[in-house]
Structure formats: structure tokens, C-alpha cells
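> From first to last, the protein sequence lines are chains A and B.
Those letters in the first sequence? Residues 1 to 117, by the numbering used here.
Those letters in the second sequence? Residues 1 to 117, by the numbering used here.
Hints in this document: simulated from the structure, not taken from any laboratory.
There may be inaccurate statements among the hints.
[Unchecked claim] Derived lysine to aspartate or glutamate pairs resembling EDC-like cross-links, with alpha carbons at most 16 Å apart: (1) A:Lys70 / A:Glu56; (2) A:Lys38 / B:Glu110; (3) B:Lys66 / B:Asp88; (4) B:Lys41 / A:Glu10; (5) A:Lys3 / A:Glu26; (6) A:Lys70 / A:Glu10; (7) B:Lys41 / A:Glu96; (8) B:Lys20 / B:Asp88; (9) A:Lys3 / A:Glu96.
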Amino acid sequence: AQKVTQAQTEISVVEKEDVTLDCVYETRDTTYYLFWYKQPPSGELVFLIRRNSFDEQNEISGRYSWNFQKSTSSFNFTITASQVVDSAVYFCALSERRTGGYNKLIFGAGTRLAVHP
Amino acid sequence: GAVVSQHPSWVICKSGTSVKIECRSLDFQATTMFWYRQFPKQSLMLMATSNEGSKATYEQGVEKDKFLINHASLTLSTLTVTSAHPEDSSFYICSAVKGGPGTGELFFGEGSRLTVL
Numbered sequence: 001a002q003k004v005t006q007a008q009t010e011i012s013v014v015e016k017e018d019v020t021l022d023c024v025y026e027t028r029d030t031t032y033y034l035f036w037y038k039q040p041p042s043g044e045l046v047f048l049i050r051r052n053s054f055d056e057q058n059e060i061s062g063r064y065s066w067n068f069q070k071s072t073s074s075f076n077f078t079i080t081a082s083q084v085v086d087s088a089v090y091f092c093a094l095s096e097r098r099t100g101g102y103n104k105l106i107f108g109a110g111t112r113l114a115v116h117p
Numbered sequence: 001g002a003v004v005s006q007h008p009s010w011v012i013c014k015s016g017t018s019v020k021i022e023c024r025s026l027d028f029q030a031t032t033m034f035w036y037r038q039f040p041k042q043s044l045m046l047m048a049t050s051n052e053g054s055k056a057t058y059e060q061g062v063e064k065d066k067f068l069i070n071h072a073s074l075t076l077s078t079l080t081v082t083s084a085h086p087e088d089s090s091f092y093i094c095s096a097v098k099g100g101p102g103t104g105e106l107f108f109g110e111g112s113r114l115t116v117l
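Okay, chain A solo, but in the shape it has when bound:
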């Protein structure tokens, strides 16, 4: 069965610290997509990244970076030099072709990140 686990419920850091949000997934499909979304207090989901299962290259976008490791079924997200504006709930999500197409997302429980001045 497909499942996304975000073991860290809440993380609290001080500004400028680096922080890594963990995501472990389960799937029987060989072709799938992984996503990260940010949900600020206003509620809307902000898309951060989509990665397909065949692309294991790590990605860096500004202060954000992602480490995808199929061997451990993990897709971790690191924020470097965190800022107060990074405070939000972050969701990792999985979609598979087998269970309804690449757009039907299964979300993890989310990690609430609080960055303090």
C-alpha cells in the first residue's frame, strides 16, 4: 500500500539554523512522483517541488535542497539558514500511476516548522 510518513510532528529552530524535514514513503509502483508543499497559516498550499522516481539527482533551489534516496525510500527536505518566513506546515506527498494517475496525491501528516527570531 502507498504511504507517506513524516515522523517529525513539530520542529522549532532559531533563525539562521539549518533544518531538515524527513519524509519516508512506501509504494509498490516503480513509477511514481514525490512532492513537497508548504502550507502557511493562511491555508493555501504552495508547491515546492515534484520529483519523479527515475530522477535521483539532488536538487537545490536557493536555500532549499532535496535529497532523494530510493534505497531508503526517503525524500528529505533541507532549509539552509532558516528565516521566520519559513514558518509553516510542510507536507510531503506521493502519487502513483497504479492507483489513479500521477495527480492523485497521498499526503504525509505534515511537519510544523517554527522559526524563531
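Assemble the complex: chain A is given as a structure, and chain B must be docked to it using the hints.
Only chain B this time, still in chain A's reference frame:
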């Protein structure tokens, strides 16, 4: 990027009444839309897949007579919460697929917060 709009953004209603939430793709046509539900401080749970011109596909445990979904056009899907009760109070988020059903891009609405008194 593409825009998906939900209306209303928030709604308060009395117990026993029905409430309709609209999800519109403003600048693209979407044959497939998804409806998610999010309780406070919890993850997003997929409720149903809305298909233009056909019946919605509901996830296990979601009452289709309680949550009526109508995808009447390529740019509009509606979710009607019938005979609402306080336990239906939640944040409802839709997403729409731009492009093909398999690999199209996914865009989320801003969400609709329902409070049932």
C-alpha cells in the same frame, strides 16, 4: 502558472443546511479535479476524484450522499455538503489537473473553510 480558485473562501452555516463550494480552473480546462479535506492541525485527506461529465469516484469511507460532487463543465467542480453538522467543519481544498490525466500539472485552490454551528 495556472490558477485555481475556490469560492467561498470561508462560510459559516447552521446545522442541517447544505453548503456548496465551487472550484474553478480560471485559465485552463480540467477534466479531472480532486477534493481534499483537512481537519485542524491534520493532513489533507483525499475525498474524491471529480471527472467532467461522469460520476465522481469517492475514497473509502467518504459518504457520497453527504458530499455531492458535480463536475458540470471543464472549468468547474462543485462540492455540496448536505445537511451539514458541526463535525463537517473543516478546510476543503480542491486541485485541478492541467493537461493529460496521467502526467498533467496539478494546481491547488486556496481552500474553503467551513464552520457549521
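> A separate judgement is required for each hint: does it hold in the structure or not?
The hints, checked one at a time:
1. A distance of roughly 7 Å separates the Cα atoms of lysine 70 (chain A) and glutamate 56 (chain A); the hinted pair therefore holds under the 16 Å criterion.
2. For the proposed pair lysine 38 (chain A) and glutamate 110 (chain B), the alpha carbon gap of about 13 Å is at most 16 Å, so the pair holds.
3. Taking the CA atoms of lysine 66 (chain B) and aspartate 88 (chain B), the gap is about 10 Å. The hint holds against a cut of 16 Å.
4. Distance check on the hinted pair: lysine 41 (chain B) and glutamate 10 (chain A) sit about 11 Å apart at the alpha-carbon level, within 16 Å; holds.
5. Only pairs whose Cα atoms come within 16 Å are accepted, and lysine 3 (chain A) paired with glutamate 26 (chain A) is accepted, the gap being roughly 5 Å.
6. Between lysine 70 (chain A) and glutamate 10 (chain A), the direct Cα distance comes to roughly 25 Å. Violation of the 16 Å bound is thereby established for this hinted pair.
7. Straight-line distance between C-alpha atoms of lysine 41 (chain B) and glutamate 96 (chain A) comes to about 26 Å, which puts the hinted pair past the 16 Å bound.
8. Note on lysine 20 (chain B) and aspartate 88 (chain B): the hinted pairing holds, with a Cα-Cα distance of about 13 Å set against a maximum of 16 Å.
9. Distance check on the hinted pair: lysine 3 (chain A) and glutamate 96 (chain A) sit about 11 Å apart at the alpha-carbon level, within 16 Å; holds.
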